[in-house]
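S.K.: Residues per chain are reported as follows:
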Amino acid sequence: MNKKNKKGNGKAKSQSLKTRIWKSRFYYLMLLPAVAYVLIFNYAPMYGLQIAFKNYKFSLGIMGSKWIGFRNFTDFFTSYSFPQLMENTFVLSFYQILIGFPIPIIVALVLNELKGKFKKITQTVLYAPHFISMVVLVGIMTTMLSPSQGVVNTLLESIGLERIYFMGSSKYFRHLYVWSGVWQNMGWSAIVYLAALAGVDPALHEAADIDGATRMQKILHINLPTIMPTIVIMLILRMGQIASVGYEKVYLMQNNLNVSTAEVISTYVYKRGIVNMNYSFSTAIGLFNNVVNVTMLLISNKISKKISGSGLF
Amino acid sequence: MKKRKKITLFDVVVHIISGILLVMVLYPLIVVVSSSFSDPALVATGKIVLLPKGINIEGYKALLGNRDIVTGYANAIFYTVFGTIINLIVTLPAGYALTKNKVPGRNLFMTLFMITMYFSGGLIPTFLLVNSLGLYNTRLILLIWGAFSTYNCIICRSFFAAMPTELEEAAEIDGCNPLRSFIQIILPLSKALLGVMVLYFGVAHWNSYFSAMIYIKDDAMQPLQVFLRRILILAQTAAMNVEEGGEYAAAMAEREALIRYAVIVVSSAPLLIVYPFLQKYFDKGVLIGSVKG
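Line by line, the protein sequences are chains A and B.
Under our numbering, the first sequence has 32 at position 32, and the numbering climbs by one with no breaks.
Under our numbering, the second sequence has 584 at position 271, and the numbering climbs by one with no breaks.
Watch out, some of these pointers could steer you wrong.
Under 7 Å between C-beta atoms, here's a sample of chain A residues computed to sit facing chain B [to be verified]: (1) A44; (2) M46; (3) G48; (4) E248.
These aren't lab readings, by the way, just hints derived from the structure by calculation.
Cβ coordinates follow ideal geometry from the N, Cα and C atoms, glycine included.
Starting from the given sequences, assemble the full structure and let the hints guide the process.
M.R.: This is how it looks when you write it as structure tokens:
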């Protein structure tokens, strides 16, 4: 209550909370659908998270199932697949950040140096893959990399190399995953930085011109520092997802032959949970995953605040 | 604005880099389109390296005769159109209401929304909930799934917050309630935002396959992407495992390849055609607010 009053401006303070709520009734009406959705589809499942600590039986329901403490978690941590799942998830995630994070920044800096029609065309083309669905993306990869029909293997053979079954090899999975992601998103992810680059003070560039700075020097000493806060925020956001490699694309790329590197936590949750109906066990894994993510987010936010003075919250 | 300067080495390097990026992005797309118009026998043996060979439209004809594709396409249009409308009704007014300082509890709502960005019940509890609500295997779940997006709501909020408030204040004095002034005054001035939101939500609906895979059992209700997954990925991977199958497998592969490329083109075309028209809004700061939160 006190908090709400504090937030009000001077005029509103003189009115009672009741009048202010009544006056805002139409705004509450506008918020209603969103709040209802969030409560039902986001918060109600959080209540269901308790089955991570239970032995969930469909017939007994969420409330009626027996508590078993942390057994689902200890089962997971001691399971045969645990070390490999962790390794696959984190290696893939770090690899993705290492490659996928800096490239859009470079793309933005390059696009920012282009002018006129060529810039427009390049942007339009580079953004386009973002709109292609995961299914189609993986479909294109599967077809183009196919050992018998794929154009990539045709080219490999024409220069005297052997045909390779890329999609069916655990060795290539990570590279394919990360670089296809770069192909799809390098343009789109650059938009945020381009918008930030639009805010560069032209006076700085003029001053640099007078001092005889080269364009490369201007990029390094003016453009890059200007977008640094944006880079930091994007990096914190990215770090908060370090343990969550999305299942959508990984699941599409998975097959019996590459599963030894392609199985990540989220796909494992899907298979154990939805497919094998081990509800409690996979809820526990999902919860563990989520906690790791939130922890990473909080840590990177703290580090960023210490180093650069800016953070998300 | 600026004087034309001589072409420097720097310009050359920048244009070469851009050129490489353009080729990298365009090449796979060109091969797909070329293959879709080529002789299936040549496609199946990997002979299409850049331009179409043995031009024909057999693939597209075969598509029209494929019941799955036609059903999936119709379903996808249904889910995309009505799902997007629901998205807009839920997300836009919420974003607008959140710009009003005078609303008690505004920050509470904001926090309520923000938490969902970082923490969720996860796959299984959500699945159980959808089941217990009786929404499993219904069209309704695909329409309302993801109806509210915190991320997009924040974009809306930043957009509305940057608008001048005089108009609504004048309308309010004339006795217009906020809901009406939102619909009749604010929305008509927000075409850029509407364009971007329609695109974001529309693309998300059109491209999603995972929720359909989890929540829909009947083929009659499946959207296009689920059928695409079968044709593009499952069938091919299965074919690889029986590679030794010889001529039969080769014939299958040929027929498969016939529609495979056409289906990629037909399923991606709507988005790739619409998006350049909306592109002008992307860089214009609609996104920048979202970063600052």
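S.K.: The structure should be examined with respect to each hint, and the outcome stated for every one.
M.R.: Do the hints match the structure? See the list:
1. Because the beta carbon of A:A44 sits about 5 Å from the nearest beta carbon in chain B, less than 7 Å, this interface hint is met.
2. Below 7 Å, beta-carbon pairs count as interface contacts, and A:M46 has one with chain B at about 5 Å; its hint therefore holds.
3. With a cut of 7 Å, the hint placing A:G48 at the interface with chain B holds, because the nearest CB-to-CB distance is about 3 Å.
4. With a least beta-carbon distance of about 5 Å to chain B, the hint placing A:E248 at the interface is held under the 7 Å criterion.
The earlier numbered hints are all upheld by this structure, with none contradicted.
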